[in-house]
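Protein chains: 2
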Amino acid sequence: MNEYVTLAHGSGGKMTHMLIKDIFYRYFRNDLLLAGGDSAVFEADKGLMAFTTDSYVISPIFFKGGNIGKIAVCGTVNDLAVSGAKPKYLSCGFIIEEGFPIRDLETIARSMAETAAEAGVCLVTGDTKVVQKGCADRIFINTAGVGVVPDYVTLSANRIKSGDAVILSGTMGDHGTAILLEREGLKVKSSIASDCAPLAGMIESVMSEYADAVHIMRDPTRGGVATALNELIDGTGLCIELKEKFLPVREEVKGVCELLGMDPLYMANEGKVIIIADGACAGEIVDKIKKSPYGREATIIGVVTENYSGRVLLNTIVGGNRVIDVLTGDQLPRIC
Amino acid sequence: MNEYVTLAHGSGGKMTHMLIKDIFYRYFRNDLLLAGGDSAVFEADKGLMAFTTDSYVISPIFFKGGNIGKIAVCGTVNDLAVSGAKPKYLSCGFIIEEGFPIRDLETIARSMAETAAEAGVCLVTGDTKVVQKGCADRIFINTAGVGVVPDYVTLSANRIKSGDAVILSGTMGDHGTAILLEREGLKVKSSIASDCAPLAGMIESVMSEYADAVHIMRDPTRGGVATALNELIDGTGLCIELKEKFLPVREEVKGVCELLGMDPLYMANEGKVIIIADGACAGEIVDKIKKSPYGREATIIGVVTENYSGRVLLNTIVGGNRVIDVLTGDQLPRIC
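Protein sequence lines correspond, in order, to chains Y and C.
Quick note, the first sequence lines up with residues 0 to 335 if you use numbering that gives the first Met the number 0.
Quick note, the second sequence lines up with residues 0 to 335 if you use numbering that gives the first Met the number 0.
The set of hints was computed from the structure by calculation and includes no laboratory data.
Mixed in with the good hints there might be a few duds.
The list cannot tell twin chains apart, which means a pair is met if one copy fits it or any two copies do.
[Said to hold, decoys possible] With a straight-line cut-off of 30 Å between C-alpha atoms, the simulated DSS-like cross-links for lysine-lysine are:
{"no.": "1", "residue 1": "45", "residue 2": "244"}
{"no.": "2", "residue 1": "160", "residue 2": "20"}
{"no.": "3", "residue 1": "85", "residue 2": "45"}
{"no.": "4", "residue 1": "188", "residue 2": "45"}
{"no.": "5", "residue 1": "289", "residue 2": "63"}
{"no.": "6", "residue 1": "13", "residue 2": "63"}
{"no.": "7", "residue 1": "63", "residue 2": "132"}
{"no.": "8", "residue 1": "85", "residue 2": "188"}
{"no.": "9", "residue 1": "85", "residue 2": "20"}
{"no.": "10", "residue 1": "244", "residue 2": "13"}
{"no.": "11", "residue 1": "242", "residue 2": "160"}
{"no.": "12", "residue 1": "45", "residue 2": "87"}
{"no.": "13", "residue 1": "13", "residue 2": "160"}
{"no.": "14", "residue 1": "20", "residue 2": "188"}
{"no.": "15", "residue 1": "13", "residue 2": "45"}
{"no.": "16", "residue 1": "253", "residue 2": "13"}
{"no.": "17", "residue 1": "244", "residue 2": "289"}
{"no.": "18", "residue 1": "13", "residue 2": "242"}
{"no.": "19", "residue 1": "45", "residue 2": "20"}
{"no.": "20", "residue 1": "63", "residue 2": "160"}
{"no.": "21", "residue 1": "242", "residue 2": "132"}
{"no.": "22", "residue 1": "289", "residue 2": "253"}
Note that the structure is a prediction, hence the values are computed from the model and not measured.
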């Protein structure tokens with residue numbers, strides 16, 4: 000087999016077939032994919048389904064805690080999970096720069112397969128395009144996902160009400176900070192790794208027990224917790240008040256962010272979920288989340304109030320209030 | 000609004016929201032998309048569903064007969080349709096190079112919306128990433144699609160049998176030749192346009208009447224009719240024999256291909272379908288296809304025989320037989 004991806008691998012001919020068989024069939028192996036049709040065909044039950052997509056252009060493609068393949072599976076799995084869906088099937092579309100090492104493609108595919116297995120999803124259909132050297136930056140991956148929404152799910156921003164608790168499943172900014180460190184080649188001796196993880200299992204464990212108490216969920220990726228909370232509260236006429244002292248941030252992340260003038264509230268996460276839930280059940284939900292390996296540092300970070308309409312406020316440690324707006328400008332490009 | 004796409008448009012923050020509202024919501028407007036959740040949630044019936052994806056990296060992005068947006072909708076719609084599915088929902092993921100003109104993005108989005116409307120599908124979920132200047136070639140689009148497979152569909156390569164007719168819905172190589180002419184800037188005075196078209200309606204009209212007689216379908220895109228036929232016949236133990244004199248090729252396409260040493264059998268099509276059907280019904284199916292604006296030149300191009308196992312043969316005009324293999328090497332990169 001070749002050592003590098005060539006334009007012929009994207010031709011749709013013999014070389015494309017070889018690449019598909021040698022790499023994608025080998026790692027993604029499942030009946031729907033191996034049927035090899037123009038589409039994957041599966042049996043659906045009557046009910047609600049969720050459908051989502053994301054493209055991944057992260058740089059660098061390999062980083063502490065993951066790689067572009069792992070994040071491409073996690074991101075789409077998590078988008079389905081926060082919609083209350085049980086993720087089932089993923090598609091993946093590769094856009095590869097001519098000259099990309101086949102060995103790296105294999106590492107990425109293996110990682111996708113492992114993450115998909117953990118999340119309980121199958122990679123059932125795909126596509127590979129190759130562009131000339133200089134026409135793409137190494138590799139971009141799109142995944143789309145289909146999931147099944149159980150009957151008991153009633154998530155809606157309309158269900159947010161005053162007195163709800165705002166739960167975050169763990170520390171903020173790990174992913175963004177890890178990428179920043181890798182990219183800038185900062186010589187900081189650090190153990191900061193991306194939090195990149197598939198949250199479907201953890202979220203399902205909460206939803207199967209507390210579906211009624213959970214009003215809405217979101218994964219705080221690009222734009223961070225600040226942007227996600229603004230999106231959730233926008234148009235509800237309510238206010239989210241965060242307690243600065245409860246915001247979970249690793250000391251190392253805090254240090255790097257201070258050094259570089261970044262705010263962890265706006266840093267991307269790839270393995271965290273925000274849950275807005277009935278205040279009365281919030282403690283139990285946090286305990287439930289803590290049982291997952293990805294939720295050990297879950298905590299209540301704030302409450303929903305009627306104090307301001309559509310705003311996110313930070314009650315600071317020194318006793319003031321600061322309006323937390325959505326991200327403006329571009330804090331960090333190509334973070335996912 | 001800005002005139003050009005900036006990195007901030009891909010940040011997930013304020014500028015991303017503006018781009019989504021000003022362009023994508025405006026043109027793609029439908030309830031599922033406007034719900035604005037992490038996933039689009041829709042009601043499914045019990046039964047078979049089809050799921051597929053393709054990324055589009057075509058160069059140039061605007062060409063006679065279409066643009067990258069139109070082809071991104073047609074390609075995925077057609078992949079669903081040839082699987083026997085009625086296309087329903089599309090996702091779209093944009094990867095945009097910093098500095099891309101917003102006006103061009105708008106033209107592309109409008110074109111996607113028009114084509115989706117014609118095909119009866121909704122663009123329900125999407126994603127936008129922006130990469131630095133020089134890290135992508137203008138714009139890449141991924142679409143994934145979900146469709147519903149009616150009960151009466153029984154497509155399978157296992158159903159191909161000796162005596163079946165091979166139907167092609169129109170002329171070969173229009174798309175590939177049109178792109179070649181644009182790209183090479185050849186000063187050929189030509190009316191050749193891409194055949195890029197959504198075939199869902201045409202295929203549904205055939206399937207609703209001849210579901211049992213149609214054994215399998217495929218759209219001959221990258222790699223052309225030759226590669227698609229090889230994929231279909233591979234592993235069946237049967238042979239496809241094409242009649243050279245029946246192969247529909249526009250005179251102009253023939254001329255350009257001869258000039259440049261290309262073979263129309265391997266040139267990409269974006270608005271054609273190959274149908275392998277019971278020989279007894281093939282004439283009626285051709286008549287049915289001809290009623291569609293995209294199938295006026297439909298014709299039977301060959302038959303399935305037992306003469307050679309897993310081979311595609313061309314019975315040439317001069318009376319010989321030539322083996323038609325899958326595409327080797329890369330006839331034309333970035334054709335879709």
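Hints versus structure:
1. 45 with 244: neither (46 Å within a copy, 49 Å between copies)
2. 160 with 20: Between. Shortest inter-copy distance 26 Å satisfies the 30 Å Cα cut-off; intra-copy 52 Å does not.
3. 85 with 45: both (15 Å within a copy, 17 Å between copies)
4. 188 with 45: Neither: 53 Å inside a copy, 55 Å across copies.
5. 289 with 63: Within one copy, since 23 Å is at most 30 Å while 57 Å is not.
6. 13 with 63: So residue 13 and residue 63 pass the 30 Å test across copies only (29 Å; inside, 36 Å).
7. 63 with 132: Both, since 27 Å and 26 Å are each at most 30 Å.
8. 85 with 188: neither (39 Å within a copy, 55 Å between copies)
9. 85 with 20: both (29 Å within a copy, 29 Å between copies)
10. 244 with 13: The answer is between: 27 Å across copies meets 30 Å, while 59 Å in one copy does not.
11. 242 with 160: Classified as within: same-chain Cα gap 18 Å, cross-chain 70 Å, threshold 30 Å.
12. 45 with 87: Answer is both; intra-copy 15 Å and inter-copy 16 Å each pass.
13. 13 with 160: Classified as between: cross-chain Cα gap 25 Å, same-chain 58 Å, threshold 30 Å.
14. 20 with 188: For residue 20 and residue 188, the Cα distance exceeds 30 Å both inside one copy (41 Å) and across copies (42 Å).
15. 13 with 45: neither (40 Å within a copy, 38 Å between copies)
16. 253 with 13: between (51 Å within a copy, 24 Å between copies)
17. 244 with 289: Within one copy only: 19 Å inside a chain, 71 Å across chains, cut-off 30 Å.
18. 13 with 242: For residue 13 and residue 242, only the inter-copy Cα distance (24 Å) is at most 30 Å; the intra-copy one is 59 Å.
19. 45 with 20: Neither, since 34 Å and 32 Å both go past 30 Å.
20. 63 with 160: neither (39 Å within a copy, 54 Å between copies)
21. 242 with 132: neither (49 Å within a copy, 40 Å between copies)
22. 289 with 253: within (22 Å within a copy, 67 Å between copies)
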